[in-house]
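Residue numbers (this note's numbering), protein chains in the order written: chain E, 2 to 438; chain D, 4 to 298; chain X, 60 to 329.
Heads up, some of the hints might be wrong.
Computed footprint of chain X on chain D; a stretch qualifies when at least three of its residues, placed anywhere within it, have a C-beta under 8 Å from a C-beta of chain X [stated by the list, open to error]:
no. : region
1   : 62-68
2   : 104-110
Think about it this way: if two alpha-carbon atoms lie no more than 25 Å apart in a straight line, the pair counts; the simulated BS3-like pairs of lysine-lysine are [said to hold, decoys possible]:
no. : chain 1 : residue 1 : chain 2 : residue 2
3   : X       : Lys220    : X       : Lys157
4   : E       : Lys319    : X       : Lys275
5   : E       : Lys133    : E       : Lys319
6   : X       : Lys220    : X       : Lys275
7   : X       : Lys157    : D       : Lys11
8   : D       : Lys137    : D       : Lys153
9   : E       : Lys368    : E       : Lys133
10  : X       : Lys275    : X       : Lys246
11  : X       : Lys220    : X       : Lys246
12  : E       : Lys424    : E       : Lys368
13  : D       : Lys70     : D       : Lys199
14  : E       : Lys150    : E       : Lys319
15  : D       : Lys11     : X       : Lys246
16  : D       : Lys106    : D       : Lys11
17  : D       : Lys11     : X       : Lys227
18  : X       : Lys153    : X       : Lys275
19  : D       : Lys137    : E       : Lys424
20  : D       : Lys11     : X       : Lys275
Label pairs and their calculated CB-CB ranges [claimed, not checked]:
no. : chain 1 : residue 1 : chain 2 : residue 2 : range
21  : D       : Phe80     : X       : Pro155    : 33 to 41 Å
22  : D       : Glu145    : X       : Gly62     : 26 to 34 Å
23  : X       : Thr93     : E       : Val314    : 24 to 32 Å
24  : D       : Phe80     : E       : His156    : 48 to 56 Å
25  : X       : Glu109    : E       : Gly297    : 34 to 42 Å
26  : X       : Ala221    : D       : Tyr289    : 26 to 34 Å
27  : E       : His156    : X       : Leu313    : 17 to 25 Å
28  : D       : His193    : X       : Gly62     : 21 to 29 Å
Hints in this document: simulated from the structure, not taken from any laboratory.
Glycine residues also receive a C-beta, built at the ideal position from the N, C-alpha and C atoms.
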Amino acid sequence: MQHKNLTGSLLVALPTFLATPALSQTEVVVWVGGEPGQTTVYETIANQFNEENPGVNLTVVTNTSDIFNPALVPALSAGEGPDVFTFGTGPGQPAALIAGGLVADLTDAYYEHNWSQTIPEGIIVQTSSDGKLWSYGNEVETTGMFYNKAIFAEHGLSVPTSWAEMEAVVETLMAAGFETPIGLAGADKWPVSHWQSMIFGRYAGPEGIENVLFSDGSWTDEPFVQASARLQQMGQADWFGPTPVAIGYGELMDAFWAGEIPMTFTGPWVVGGGIEAAGDRISDFSVFAVPPFEPGQKIYPTNSIGSGWYIRVNSEHKEIAIAYINRMFQNVEGRVTLLDHGVVPVGPLEEALAMANMPQLSVDIWKAADDHAANGSVPAFLDTITPGTLTTVSYDGLQALLLGVMTPEEFTAAMQEAWAASKAAGEIMLPGGIAER
Amino acid sequence: MFLDPDSKLAQRLNPVLFLLPAVAIYILFAIYPTISVVEYSFTDWDGINPNRNYIGLENYERLFSDKIFWEAFRNTFVWSAVIIVINVGLGLVIASMLARVWKARLIIQTAIVLPVVISPMAVATIWRWMYQPKGAVNQVLEVIGLGAFKTPWLGSPDAVLYALAVAHSWSTMGLSVIIFLAGLQAVDEHLYEAAKIDGASPLQSFRFVTLPALRPVTAVVFILTLTQSFKVFDIVWATTQGGPIRFSEILSTYMYKRGALENDYGYGAAIGVALLVIVSLATIVYMQLQNRQES
Amino acid sequence: MVGRYLLVFFLGAIAIVMASPLILTVFSSLKPTTELANPPWYPPFDVTFEHYFRVWTEGKFNRYFLNTVIISTVDAIVMIGIASLAAYALVFMKYPGKALIQALFLVGLMIPVTAIILPLYSIVRSVGLVNTHLGVIFSDLALAVSVFVFMFSSYFASVPKALHEAAKIDGATEFQIYWRVVMPIAKPAVVTTALLEFLWSWNDLLLRLLLLPSDKMRTLSVGLLNFQGIMTRDVTGLSSGTVIIALPVVLLFLVFQRHFVRGMTQGAVK
Numbered sequence: 002m003q004h005k006n007l008t009g010s011l012l013v014a015l016p017t018f019l020a021t022p023a024l025s026q027t028e029v030v031v032w033v034g035g036e037p038g039q040t041t042v043y044e045t046i047a048n049q050f051n052e053e054n055p056g057v058n059l060t061v062v063t064n065t066s067d068i069f070n071p072a073l074v075p076a077l078s079a080g081e082g083p084d085v086f087t088f089g090t091g092p093g094q095p096a097a098l099i100a101g102g103l104v105a106d107l108t109d110a111y112y113e114h115n116w117s118q119t120i121p122e123g124i125i126v127q128t129s130s131d132g133k134l135w136s137y138g139n140e141v142e143t144t145g146m147f148y149n150k151a152i153f154a155e156h157g158l159s160v161p162t163s164w165a166e167m168e169a170v171v172e173t174l175m176a177a178g179f180e181t182p183i184g185l186a187g188a189d190k191w192p193v194s195h196w197q198s199m200i201f202g203r204y205a206g207p208e209g210i211e212n213v214l215f216s217d218g219s220w221t222d223e224p225f226v227q228a229s230a231r232l233q234q235m236g237q238a239d240w241f242g243p244t245p246v247a248i249g250y251g252e253l254m255d256a257f258w259a260g261e262i263p264m265t266f267t268g269p270w271v272v273g274g275g276i277e278a279a280g281d282r283i284s285d286f287s288v289f290a291v292p293p294f295e296p297g298q299k300i301y302p303t304n305s306i307g308s309g310w311y312i313r314v315n316s317e318h319k320e321i322a323i324a325y326i327n328r329m330f331q332n333v334e335g336r337v338t339l340l341d342h343g344v345v346p347v348g349p350l351e352e353a354l355a356m357a358n359m360p361q362l363s364v365d366i367w368k369a370a371d372d373h374a375a376n377g378s379v380p381a382f383l384d385t386i387t388p389g390t391l392t393t394v395s396y397d398g399l400q401a402l403l404l405g406v407m408t409p410e411e412f413t414a415a416m417q418e419a420w421a422a423s424k425a426a427g428e429i430m431l432p433g434g435i436a437e438r
Numbered sequence: 004m005f006l007d008p009d010s011k012l013a014q015r016l017n018p019v020l021f022l023l024p025a026v027a028i029y030i031l032f033a034i035y036p037t038i039s040v041v042e043y044s045f046t047d048w049d050g051i052n053p054n055r056n057y058i059g060l061e062n063y064e065r066l067f068s069d070k071i072f073w074e075a076f077r078n079t080f081v082w083s084a085v086i087i088v089i090n091v092g093l094g095l096v097i098a099s100m101l102a103r104v105w106k107a108r109l110i111i112q113t114a115i116v117l118p119v120v121i122s123p124m125a126v127a128t129i130w131r132w133m134y135q136p137k138g139a140v141n142q143v144l145e146v147i148g149l150g151a152f153k154t155p156w157l158g159s160p161d162a163v164l165y166a167l168a169v170a171h172s173w174s175t176m177g178l179s180v181i182i183f184l185a186g187l188q189a190v191d192e193h194l195y196e197a198a199k200i201d202g203a204s205p206l207q208s209f210r211f212v213t214l215p216a217l218r219p220v221t222a223v224v225f226i227l228t229l230t231q232s233f234k235v236f237d238i239v240w241a242t243t244q245g246g247p248i249r250f251s252e253i254l255s256t257y258m259y260k261r262g263a264l265e266n267d268y269g270y271g272a273a274i275g276v277a278l279l280v281i282v283s284l285a286t287i288v289y290m291q292l293q294n295r296q297e298s
Numbered sequence: 060m061v062g063r064y065l066l067v068f069f070l071g072a073i074a075i076v077m078a079s080p081l082i083l084t085v086f087s088s089l090k091p092t093t094e095l096a097n098p099p100w101y102p103p104f105d106v107t108f109e110h111y112f113r114v115w116t117e118g119k120f121n122r123y124f125l126n127t128v129i130i131s132t133v134d135a136i137v138m139i140g141i142a143s144l145a146a147y148a149l150v151f152m153k154y155p156g157k158a159l160i161q162a163l164f165l166v167g168l169m170i171p172v173t174a175i176i177l178p179l180y181s182i183v184r185s186v187g188l189v190n191t192h193l194g195v196i197f198s199d200l201a202l203a204v205s206v207f208v209f210m211f212s213s214y215f216a217s218v219p220k221a222l223h224e225a226a227k228i229d230g231a232t233e234f235q236i237y238w239r240v241v242m243p244i245a246k247p248a249v250v251t252t253a254l255l256e257f258l259w260s261w262n263d264l265l266l267r268l269l270l271l272p273s274d275k276m277r278t279l280s281v282g283l284l285n286f287q288g289i290m291t292r293d294v295t296g297l298s299s300g301t302v303i304i305a306l307p308v309v310l311l312f313l314v315f316q317r318h319f320v321r322g323m324t325q326g327a328v329k
């Protein structure tokens with residue numbers, strides 16, 4: 002009750018500050034990109050915000066498709082568009098927005114509202130440059146190996162903890178007639194990129210990845226070549242089925258929930274659809290961390306922010322926008338609401354988790370990652386933080402690896418070429434971090 | 004109308020009055036933006052930053068040495084050729100067959116034309132599902148004894164472009180059929196009767212009555228199909244994003260990748276201009292051929 | 060006679076191929092979620108309309124529907140007017156610069172919308188029409204007018220020139236000839252234009268997403284996007300949304316089907 006009163010009094014103070022023109026409502030426009038079902042939670046919180054703040058009307062426009070950016074960018078560059086919006090994070094994605102001076106500097110808000118207590122260092126690195134904070138990295142996502150416990154039990158399998166055990170599991174499943182032991186939707190390019198992010202991280206470790214992203218490391222470094230070779234080798238051994246590149250993600254997940262595919266490597270966004278598709282059988286499913294690929298290798302949980310919240314530079318309602326961000330991520334009620342919708346906010350979760358009502362499968366995902374949290378984490382989605390050119394090259398190259406028409410050396414060389422070109426063109430954010438005050 | 008119709012002024016003014024509404028809207032909202040795009044193609048604009056620099060022909064020079072551009076160029080031609088064969092060729096055959104059938108005609112016609120109304124995104128969703136390795140297409144092939152033709156459609160470098168072209172044709176052929184049917188009404192029924200009396204087979208009356216009479220309509224359908232197919236974006240983007248690798252990359256998806264996703268708007272604009280020029284050339288060549296045939 | 064049956068059989072086969080994906084879409088829109096694991100060609104055993112209600116209310120299709128009807132209807136009607144008038148001027152009138160105007164319209168056939176959205180947005184903004192239906196309508200008209208000018212021209216070209224001359228000698232004004240002589244002959248073109256422009260406008264996504272940023276102005280095609288993410292999709296929402304969007308256009312086509320048949324039956328009766 003204590004904290005509720007505290008936030009309550011904070012929010013009572015807000016409208017007196019905002020409601021200067023007493024009668025007319027202040028219209029604030031919010032654009033959210035994301036998955037169907039996950040974006041609705043931001044609307045829910047905005048409605049609560051509106052009720053708590055008479056005189057303010059937040060309107061949330063949800064955009065779930067990848068046409069989001071092409072709709073957003075023209076509006077922004079014309080000096081219009083939403084007051085607050087979500088967008089990809091660094092070092093690759095928002096560089097153009099920042100260089101174009103289209104988004105507001107949030108460093109003041111960071112210090113004023115103690116964001117440091119919620120936003121971990123690793124995320125600040127991706128959302129800041131030149132000592133300034135540009136966005137509030139919102140929800141955290143991790144990836145893991147989803148598996149069908151019922152199938153595992155039926156064939157006397159247990160969760161593998163070494164690569165030899167992993168090989169044995171796959172062998173048993175293939176012998177039992179599962180053509181595709183590990184589902185991989187290669188027709189959609191991004192699921193392969195999730196594998197890439199994980200396996201690159203495993204071989205290079207957090208320092209290895211950061212060395213490339215924020216320093217002078219190269220994608221052609223040995224660990225990345227080895228990782229690509231391992232991924233290709235798994236593909237050639239048909240671990241992902243005979244034709245992973247032909248499989249669509251939606252169709253794959255249908256087959257997974259229907260029990261036709263025993264494992265697939267993916268993230269928490271599938272939970273809602275899974276509960277709907279599997280019904281009571283949802284308890285058949287759980288998640289494990291992919292075992293180390295090589296002896297002595299550590300398990301690094303994958304960890305990325307879905308996107309960041311930005312405020313338009315010439316918005317007249319920056320204070321309200323920040324209040325809305327605080328209401329979502331800095332306020333326990335907001336955090337519980339997010340969790341209830343399967344969205345995991347940044348920062349310490351203990352308090353909110355105790356009050357939230359999360360599906361078991363979502364909890365399993367976090368448990369699989371948490372067991373290894375002490376090792377440090379690696380990005381879950383390299384494709385959302387690298388520049389567009391590198392993303393294209395990676396997507397095409399990963400499909401080429403799976404089809405066996407490209408060698409790991411060629412693949413990493415192509416990545417490095419695109420990366421170096423973006424770096425030379427100044428399309429990459431400078432090393433992150435916020436100037437101390 | 005309120006002017007004396009015989010007056011010189013009315014004679015002069017009439018064309019202006021008739022043309023003005025269409026031309027004004029068209030120039031403001033289509034031609035002007037197009038000219039802007041041509042202008043952008045000479046800049047290094049990233050599509051976001053308020054500043055941009057003129058860099059002359061650099062984007063076009065890049066285009067010529069860009070291997071992916073030429074891959075997309077080739078794919079676009081194959082893509083359009085397949086769609087034209089289906090939409091114009093098969094569309095014409097189906098329309099003239101429909102014109103000969105009375106029983107169950109409305110049902111058949113409705114079924115053939117219906118896919119036209121489905122929104123492009125839904126078309127993509129439907130065909131993604133149809134083309135899965137264990138999807139409906141492969142299952143049907145198996146059942147009708149053509150199992151040898153089964154292939155992982157969206158993952159096959161050899162088949163993907165054709166598969167998507169067929170999917171696109173599925174959703175657009177109905178238009179051709181409609182336009183052909185509308186055109187068939189203008190064909191004088193007496194010509195068919197005369198042909199029948201002369202002992203012409205249905206095939207012969209198709210060849211000597213239907214085809215010549217439909218020539219102008221065929222031109223409409225051809226040019227429509229050609230220009231529309233060059234511009235297609237949704238169905239490829241929503242199924243394969245140009246993949247696997249780049250085997251279904253067409254100019255419009257490539258333009259989108261460069262211009263919108265990679266913040267290389269100037270270069271994307273150059274691809275757009277190239278696309279425009281290519282379709283224009285193709286249309287002009289076709290019209291020349293058509294004119295020569297007529298004379 | 061055998062030939063005729065063969066014909067019906069062939070067409071029937073094509074009709075089945077063309078229609079089956081739609082039938083499957085209708086199936087999945089009527090299935091309770093528990094039946095989704097069944098193969099798609101299983102009809103729904105326990106028919107439910109809950110997805111339709113969900114899409115209509117939660118998916119805000121009730122709001123989007125009216126917006127879409129307004130835009131598409133205005134588009135179709137205005138398009139018939141401006142395209143046929145322009146085509147008339149291009150076919151029946153003589154004046155300097157005609158070839159240039161013809162060529163100008165031809166360019167419009169080739170313009171890829173995806174290429175020009177950015178400058179199109181700026182122009183709509185500078186005339187103050189962002190977030191208005193009018194801005195979308197003007198853009199729709201501009202981007203499709205070439206097709207219909209082209210279509211009307213080809214129909215008008217088949218009108219005997221003598222008919223036009225005769226009317227002129229009788230003292231009719233150009234507008235009277237257009238309205239009383241030429242347009243009635245071009246009825247198939249009018250119907251085709253109305254249907255196509257309505258349909259294109261009904262299904263278009265990109266322009267609406269771009270030019271109608273506020274939710275209360277948006278259309279059905281944008282609404283459908285809310286069931287399709289990058290990573291996930293809502294199959295029942297998508298399929299019932301697809302059916303709702305398709306239904307009005309299907310009805311329109313059914314109504315106008317008769318128009319495509321009539322000409323030929325008249326011929327047969329004679």
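Hints and how they fare:
With a threshold of 8 Å between beta carbons, the proposed coverage of the region 62-68 of chain D by chain X is violated, since 0 of its residues qualify and at least three are required. By the rule of at least three residues with a Cβ nearer than 8 Å to a Cβ of chain X, the coverage given for the region 104-110 of chain D holds, with 6 such residues. Between Lys220 (chain X) and Lys157 (chain X) the CA atoms are separated by roughly 18 Å; this keeps the pair inside 25 Å, and the hint holds. For the hint pairing Lys319 (chain E) with Lys275 (chain X), the CA-to-CA distance comes to about 23 Å; that is within 25 Å, so the pair holds.
Between Lys133 (chain E) and Lys319 (chain E), the direct Cα distance comes to roughly 16 Å. Compliance with the 25 Å bound is thereby established for this hinted pair. Among the hinted pairs, Lys220 (chain X) with Lys275 (chain X) is inconsistent with the structure: their alpha-carbon atoms are about 50 Å apart, more than 25 Å. At roughly 18 Å between alpha-carbon atoms, Lys157 (chain X) and Lys11 (chain D) fall within 25 Å of each other, so this suggested pair holds. Between the alpha carbons of Lys137 (chain D) and Lys153 (chain D) the distance comes to roughly 9 Å, so the proposed pair stays at or under 25 Å and holds.
The suggested pairing of Lys368 (chain E) with Lys133 (chain E) is violated, with an alpha-carbon distance near 33 Å, which exceeds 25 Å. Of the pairs offered as hints, the one joining Lys275 (chain X) and Lys246 (chain X) is violated, with about 36 Å between alpha carbons and a cut-off of 25 Å exceeded. Using a Cα cut-off of 25 Å, the hinted pair Lys220 (chain X) and Lys246 (chain X) holds, with the two alpha carbons roughly 18 Å apart. Restraint check: the Cα-Cα separation between Lys424 (chain E) and Lys368 (chain E) comes to about 37 Å, which exceeds 25 Å; the hinted pair is violated.
At roughly 56 Å between alpha-carbon atoms, Lys70 (chain D) and Lys199 (chain D) are farther apart than 25 Å, so this suggested pair is violated. Between Lys150 (chain E) and Lys319 (chain E) the alpha-carbon distance is near 48 Å, which puts this suggested pair outside the 25 Å criterion. Taking the CA atoms of Lys11 (chain D) and Lys246 (chain X), the gap is near 31 Å; set against the 25 Å cutoff, the hint is violated. For a cut-off of 25 Å, the pair hint linking Lys106 (chain D) to Lys11 (chain D) is broken: about 56 Å separates their Cα positions.
Of the pairs offered as hints, the one joining Lys11 (chain D) and Lys227 (chain X) holds, with about 15 Å between alpha carbons and a cut-off of 25 Å not exceeded. Distance restraint check for Lys153 (chain X) and Lys275 (chain X): the Cα-Cα separation of roughly 47 Å exceeds the 25 Å cut-off, and the hinted pair is therefore not satisfied. As the CA atoms of Lys137 (chain D) and Lys424 (chain E) are separated by approximately 43 Å, the hinted pair breaks the 25 Å bound. Straight-line distance between C-alpha atoms of Lys11 (chain D) and Lys275 (chain X) comes to about 50 Å, which puts the hinted pair past the 25 Å bound.
In this structure the hint that Phe80 (chain D) and Pro155 (chain X) lie 33 to 41 Å apart at CB holds, the actual value being about 38 Å. A beta carbon spacing of about 31 Å between Glu145 (chain D) and Gly62 (chain X) agrees with the range 26 to 34 Å that was offered as a hint. Separated by about 49 Å at the C-beta atoms, Thr93 (chain X) and Val314 (chain E) break the suggested range of 24 to 32 Å. For the pair Phe80 (chain D) and His156 (chain E), the supplied restraint of 48 to 56 Å holds, since their beta-carbon distance comes to about 51 Å.
Distance hint for Glu109 (chain X) and Gly297 (chain E): a CB-CB separation of about 54 Å, inconsistent with the stated range 34 to 42 Å. For Ala221 (chain X) and Tyr289 (chain D), the Cβ-Cβ distance of about 30 Å falls inside the hinted range of 26 to 34 Å, so the restraint holds. The beta-carbon spacing between His156 (chain E) and Leu313 (chain X), approximately 54 Å, falls outside the hinted interval of 17 to 25 Å. A beta carbon spacing of about 22 Å between His193 (chain D) and Gly62 (chain X) agrees with the range 21 to 29 Å that was offered as a hint.
Consistency with the previously given hints fails for numbers 1, 6, 9, 10, 12, 13, 14, 15, 16, 18, 19, 20, 23, 25, 27, ordered from lowest to highest.
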